[in-house]
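Each chain, letter by letter, is given below.
Protein chains: 2
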Amino acid sequence: MALVVQKYGGSSVATAERIRRVAERIVETKRKGHDVVVVVSAMGDTTDELLDLAQQVCPAPPAREMDMLLTSGERISNALVAMAIHSLGAEARSFTGSQAGVVTTSVHGNAKIIDVTPGRVRDALDEGSIVLVAGFQGVSQDSKDVTTLGRGGSDTTAVALAAALNADVCEIYTDVDGIFTADPRIVPDARHLEKVSFEEMLEMAACGAKVLMLRCVEYARRYNVPVHVRSSYTTKPGTIVSGSMEDIPVEEAILTGVAHDRSEAKVTVVGLSDQPGFAAKVFRAVADAEINIDMVLQNVSRIDTGKTDITFTCPKADGPTAVEKLTKLQGEIGFTKVLYDDHIGKVSLIGAGMKSHPGVTATFCEALADAGINIDLISTSEIRISVLTKDSELDEAVRVLHAAFGLGGDEIAVVHGGTGR
Amino acid sequence: MALVVQKYGGSSVATAERIRRVAERIVETKRKGHDVVVVVSAMGDTTDELLDLAQQVCPAPPAREMDMLLTSGERISNALVAMAIHSLGAEARSFTGSQAGVVTTSVHGNAKIIDVTPGRVRDALDEGSIVLVAGFQGVSQDSKDVTTLGRGGSDTTAVALAAALNADVCEIYTDVDGIFTADPRIVPDARHLEKVSFEEMLEMAACGAKVLMLRCVEYARRYNVPVHVRSSYTTKPGTIVSGSMEDIPVEEAILTGVAHDRSEAKVTVVGLSDQPGFAAKVFRAVADAEINIDMVLQNVSRIDTGKTDITFTCPKADGPTAVEKLTKLQGEIGFTKVLYDDHIGKVSLIGAGMKSHPGVTATFCEALADAGINIDLISTSEIRISVLTKDSELDEAVRVLHAAFGLGGDEIAVVHGGTGR
Numbered sequence: 001m002a003l004v005v006q007k008y009g010g011s012s013v014a015t016a017e018r019i020r021r022v023a024e025r026i027v028e029t030k031r032k033g034h035d036v037v038v039v040v041s042a043m044g045d046t047t048d049e050l051l052d053l054a055q056q057v058c059p060a061p062p063a064r065e066m067d068m069l070l071t072s073g074e075r076i077s078n079a080l081v082a083m084a085i086h087s088l089g090a091e092a093r094s095f096t097g098s099q100a101g102v103v104t105t106s107v108h109g110n111a112k113i114i115d116v117t118p119g120r121v122r123d124a125l126d127e128g129s130i131v132l133v134a135g136f137q138g139v140s141q142d143s144k145d146v147t148t149l150g151r152g153g154s155d156t157t158a159v160a161l162a163a164a165l166n167a168d169v170c171e172i173y174t175d176v177d178g179i180f181t182a183d184p185r186i187v188p189d190a191r192h193l194e195k196v197s198f199e200e201m202l203e204m205a206a207c208g209a210k211v212l213m214l215r216c217v218e219y220a221r222r223y224n225v226p227v228h229v230r231s232s233y234t235t236k237p238g239t240i241v242s243g244s245m246e247d248i249p250v251e252e253a254i255l256t257g258v259a260h261d262r263s264e265a266k267v268t269v270v271g272l273s274d275q276p277g278f279a280a281k282v283f284r285a286v287a288d289a290e291i292n293i294d295m296v297l298q299n300v301s302r303i304d305t306g307k308t309d310i311t312f313t314c315p316k317a318d319g320p321t322a323v324e325k326l327t328k329l330q331g332e333i334g335f336t337k338v339l340y341d342d343h344i345g346k347v348s349l350i351g352a353g354m355k356s357h358p359g360v361t362a363t364f365c366e367a368l369a370d371a372g373i374n375i376d377l378i379s380t381s382e383i384r385i386s387v388l389t390k391d392s393e394l395d396e397a398v399r400v401l402h403a404a405f406g407l408g409g410d411e412i413a414v415v416h417g418g419t420g421r
Numbered sequence: 001m002a003l004v005v006q007k008y009g010g011s012s013v014a015t016a017e018r019i020r021r022v023a024e025r026i027v028e029t030k031r032k033g034h035d036v037v038v039v040v041s042a043m044g045d046t047t048d049e050l051l052d053l054a055q056q057v058c059p060a061p062p063a064r065e066m067d068m069l070l071t072s073g074e075r076i077s078n079a080l081v082a083m084a085i086h087s088l089g090a091e092a093r094s095f096t097g098s099q100a101g102v103v104t105t106s107v108h109g110n111a112k113i114i115d116v117t118p119g120r121v122r123d124a125l126d127e128g129s130i131v132l133v134a135g136f137q138g139v140s141q142d143s144k145d146v147t148t149l150g151r152g153g154s155d156t157t158a159v160a161l162a163a164a165l166n167a168d169v170c171e172i173y174t175d176v177d178g179i180f181t182a183d184p185r186i187v188p189d190a191r192h193l194e195k196v197s198f199e200e201m202l203e204m205a206a207c208g209a210k211v212l213m214l215r216c217v218e219y220a221r222r223y224n225v226p227v228h229v230r231s232s233y234t235t236k237p238g239t240i241v242s243g244s245m246e247d248i249p250v251e252e253a254i255l256t257g258v259a260h261d262r263s264e265a266k267v268t269v270v271g272l273s274d275q276p277g278f279a280a281k282v283f284r285a286v287a288d289a290e291i292n293i294d295m296v297l298q299n300v301s302r303i304d305t306g307k308t309d310i311t312f313t314c315p316k317a318d319g320p321t322a323v324e325k326l327t328k329l330q331g332e333i334g335f336t337k338v339l340y341d342d343h344i345g346k347v348s349l350i351g352a353g354m355k356s357h358p359g360v361t362a363t364f365c366e367a368l369a370d371a372g373i374n375i376d377l378i379s380t381s382e383i384r385i386s387v388l389t390k391d392s393e394l395d396e397a398v399r400v401l402h403a404a405f406g407l408g409g410d411e412i413a414v415v416h417g418g419t420g421r
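Top line first, the protein sequences correspond to chains U and A. Just so you know, we're using the working numbering here: the first sequence kicks off at 1 and counts up by one. Just so you know, we're using the working numbering here: the second sequence kicks off at 1 and counts up by one.
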């Protein structure tokens, strides 16, 4: 008998019919003799509808009330799944994040889990119930207010519960059959991966692979919780995310896949003094605006002027704020101008095999060059190469890299719409 | 400076536009220098939509999960009102029933308030915030589960909070201008009442007046909380429910109004032994099925047979269960047959003046007789006369009684649709 944590995304519970199907899958797991804890996202469009209502009554809603509002979505979906389980003759009990002991920081809209004290969950399991926990939410340690965990929060709830309950596996049910070597919507022959190490998955998630959110993978790696990514709509085996890259024998180490990301914008600060401390001033200004920076490039200084340029990428949504903040500090920091480009895309090749195979970077650049795709900026890690391209060339970049490294499979992947949170 | 508790029903917050108007009224009260606590029902059709969803996933949903589901409706409306208040430049904080300290019994779907410990509400008031509390819900003392208070629960939440906070007044905002001498939809010249005693309001509510629910009035009377019933749509003065009937000087005591109720059914047990204990068996059987009985009539025994008939009324929804239960026990209890009639209506005349004015019952019966309306069953209290009629004759009965006792006013009441919970 195992303890299984399952998480179902919003599209998996978008209608009463889908809720009934999810309930069947949950009850099936329970009838195999396992203890089952289930985390469900809000139904399909619920969150968007609530956001729309909020916008109608208040242009800039306070974050605390926004959390109170949005968390009702998961209350609804979890109670409905509990009811559907009940109608199949099994016992089920739903808990809010707070009731399940998900204790967080007080940052409304983007709280971090500090601790999980699942006493009530454990008691309900011991009584033979299937336990439902509302994902994406918790209660702040200081003020005991309702908080939300930000994007991908339900996945994080599931992994955190799995860690706290010492579960055997955390199954993430989504609308795809697992992790692929590239997004099957762009690369039709993208190959399904049976197993991915935590490190590779971290790089994939950081580079825009949307199946698992970065924070969820970080949590799983830290607490060593095996994550099983599966489709809600099929019984295919999915992908197991577990173990360290170090455990993969060098000769078996391969390239994992190609990830892409359209969510970033590029900011360039032109004509900055190339002296110690000036780059720091730029990044401090951006950090003060609570903006996360991804890639960074500093050009070599021009001998004639002693000036340099700094380029960084950040989320598109934060781009205008970054530009505004820097422009305001132009006199204080000292630079010529700020350039902004939100028509960019990032494509990344990830794989533990990169370490032991020379020439990967060369092949990477050649493939893009052959397709006439210009590289704007390059950044690498031990197991990743990322470049910026024009957004209009991103899909083609994904396809040529996927082909150049022979990542394709024989099977054409089936694509379903939508993603949960 | 006063402490004011305000309650807004579901129709008052049915749209974003109405939510903004409610917010304006709340902020206006706050700007007059008062501390304000607000209880809001779920938006318009939310509850019906959630009930419909529940029905689709489970024909007989467990009550605990139903409470988890339905309470999200008030979470949504309260957070939205808090946001709307925020956009008007005032501070607002919303709390769930549990956070506001509304502690209840564990009877899901119909829990009773045991205690209110509004520590967090008080703290937020002290910090200058307007406080929103989700109505209709609490947390069970034993299991710490989310509970609901049943019909009219938000009114009860408001009155209970007003009592616990020692508020100066509890304002119930609804879709009518206050309490009238009869339902203005039936009697166009129904007169608005400025003030009604708790006892009179209790009888009105018990006899079908829907403006305030019985439990809310009982709570207000017990804790002596003045209740001010007002319209969300106008600034008319409304009706104050407060004080004891005993405080009304005899010469000023008058008739309060005519109430009606279409929600009951009539059950007659025919041919019961007229010996001690047999009636008790009938009522024990009905009580065991958790059915509330309203009116009761036992005929005089027939000399030839020593048998009698017992008639009672109960909610229409429970009628079939009552008949089934009694039929099952027919042999054990011993009677000839059970008759069932759900085409009945109850009309009641209420007023403290009844005590000191002889002839009220005679006028009552004459008025109905003159209109050709047959009386099926009569029951009276110190300040009330109620009779059963055919449901098709109920509206006419209300009108002729209202006219016979000269209760009409000059103004034609304005009627809005819908009621909250």
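Just so you know, not all the hints are guaranteed correct.
No distinction is drawn between identical chains; accordingly, a pair holds when it is met within one copy or between any pair of copies.
[Unchecked claim] Each computed SDA-like pair below joins lysine to any residue, with the alpha-carbon atoms no more than 25 angstroms apart:
#1 Lys328 to Arg185
#2 Lys355 to Glu194
#3 Lys112 to Phe283
#4 Lys144 to Ala90
#5 Lys236 to Pro276
#6 Lys325 to Asp142
#7 Lys390 to Ala16
#8 Lys281 to Gly128
#9 Lys144 to Glu127
No wet-lab data here; the hints were simulated from the structure.
task: Up to 25 angstroms between alpha-carbons, please classify Lys325 paired with Asp142: within, between, both or neither.
output: neither (31 angstroms within a copy, 53 angstroms between copies)
query: From the Cα coordinates, with 25 angstroms as the cut-off, is the pair Lys355 and Glu194 best called within, between, both, or neither?
result: within (21 angstroms within a copy, 85 angstroms between copies)
- prompt: Between Lys112 and Phe283, at a C-alpha cutoff of 25 angstroms, which is it: within one copy, between copies, both, or neither?
  reply: Answer is within: at 23 angstroms inside a copy they meet the 25 angstroms cutoff, but 57 angstroms across does not.
- prompt: With identical chains treated as interchangeable, where does the CA-CA distance between Lys390 and Ala16 reach 25 angstroms or less: within a copy, between copies, both, or neither?
  reply: neither (42 angstroms within a copy, 41 angstroms between copies)
- prompt: Should Lys144 paired with Glu127 be assigned to within, between, both, or neither, using CA atoms and 25 angstroms as the limit?
  reply: between (28 angstroms within a copy, 17 angstroms between copies)
Within, between, both or neither, where Lys328 and Arg185 count as close if Cα-Cα is 25 angstroms or less: For Lys328 and Arg185, neither the intra-copy (41 angstroms) nor the inter-copy (64 angstroms) Cα distance is at most 25 angstroms.
message: Checking an output row: Lys144 and Ala90, CA cutoff 25 angstroms. Within, between, both or neither?
response: between (33 angstroms within a copy, 22 angstroms between copies)
field: Homomeric proximity label, Lys236 with Pro276: Cα distance no greater than 25 angstroms
entry: neither (55 angstroms within a copy, 71 angstroms between copies)
query: Are the CA atoms of Lys281 and Gly128 at most 25 angstroms apart within a copy, between copies, both, or neither?
result: Neither: 58 angstroms inside a copy, 39 angstroms across copies.
When the structure is compared with the earlier hints, violations turn up for hints 1, 5, 6, 7 and 8 and for no others.
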